[in-house]
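Given chain B, work out where chain S should sit, using these hints.
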Amino acid sequence: PPKKPRSGSRKVPAETITPGKTAQPEEEVAELNYKKEKFLSNEAQALNIKNLGKCRTFGAVCAGVGAGILKLGAFQGFLFFFFVFLLSNLILMFRLNFKAEPYFGKLSFVWGQGKLSGFMSFLLFWVLFHNLVHIYQGLFLFFVVRE
Amino acid sequence: VFLMGASGKLLLGAGFLVMAHAALSVVQQRHYVRLMEQEFLRPSTDIVVELFLGAAVCVWGVFVSASPLVSIHAVDKLACRTWESLTTRAEFRSFNHRGRALGPNQGGADPARRHHVPEVLSPLEMVD
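Note that the protein sequences, when read in sequence, are chains B and S.
Residue 1 is where the first sequence starts when you use the working numbering, and the numbers rise one by one after that.
Residue 1001 is where the second sequence starts when you use the working numbering, and the numbers rise one by one after that.
Think about it this way: if two alpha-carbon atoms lie no more than 27 Å apart in a straight line, the pair counts; the simulated DSS-like pairs of lysine-lysine are:
1) K1077(S) <-> K99(B)
2) K50(B) <-> K1009(S)
3) K1077(S) <-> K106(B)
4) K1009(S) <-> K115(B)
5) K38(B) <-> K1077(S)
No wet-lab data here; the hints were simulated from the structure.
Note that the coordinates shown come from a computational prediction; the quantities given were computed from them, not determined experimentally.
Bound conformation, chain S alone:
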């Protein structure tokens, strides 16, 4: 699952690294300009280009790694509903009740005669 959505995250990581590299380059350029006793006005052209590319790659990675858009036409969702799902209220179906303890030997004194009770699914898991 991690690898399936990896392309967007790789793009984001790559764009972030490019921008971090550009930031370090700017700091180095400032240091150099200070040593040469000149005034730092703006970063050099290659750093500017690198930043633009890094920002573009980051934005591209965001759209690739974003969750997919959903169709807004209600017909697509309504057409898939079955007749049974229209009239059921699955949340109101109760499967956990005291009859579980009243089953074969569950209320008995001897624990060895009590059988394993299968795990009960929640109602929401049972509806298609």
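Looking at chain B on its own, in the form it has when it is part of the complex:
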């Protein structure tokens, strides 16, 4: 069976201490920390991962638009995709205040999961906007092909 933590570790923030009462006993705090670590909600995890995937896909779309307009080659385009992936991760870190524990469990999960989840969307929009801007010069929108 999983072992319970020692009573010496306090990880629960001061908000759990209600005013007018004494501080929670060490055993209760340890019990709460143990429960927070061990009992996770699958629905919430799935919601968070789905949300993250949606954000990453949209970021990949923006990256594809940028790569297409910049007329990037093959290798440069993939570099641009990974650059936008890193940028989106950084923005996520700033929004989470660098504390992924209540939302994803571990920070490393955010960096390691879904590196190529939006790659197909990136390819689609890369090719689309490259043709739109550099080959059809934007007139494709009006169904006219310039030769």
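Leaving out everything else, chain S in the frame of chain B:
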């Protein structure tokens, strides 16, 4: 409600406009280079910077306008449940039955004597 989530959508719109402007600039630059009978290799530096900024603003707007993340600790949700909610099956409670028609004068012939029946809420709306 539209204005409350407007900051993310404004960022997205602004980023999209910046990228559209960069695309039009590239098209104009291509046209100019063709008129000068030169070869178009890559867009100029200012367009590149504009695109990077536009992409960054778009990505930022996506994370601002995305739905909020949910805490995965089950303790937070379980601690809020009341004792009554553990043993109830609200979906099985029936409030729409034929007794409604058998109430005061509902089955009568005279429509003027039939009283207005209040709207019945669904069981899911009644549970806290």
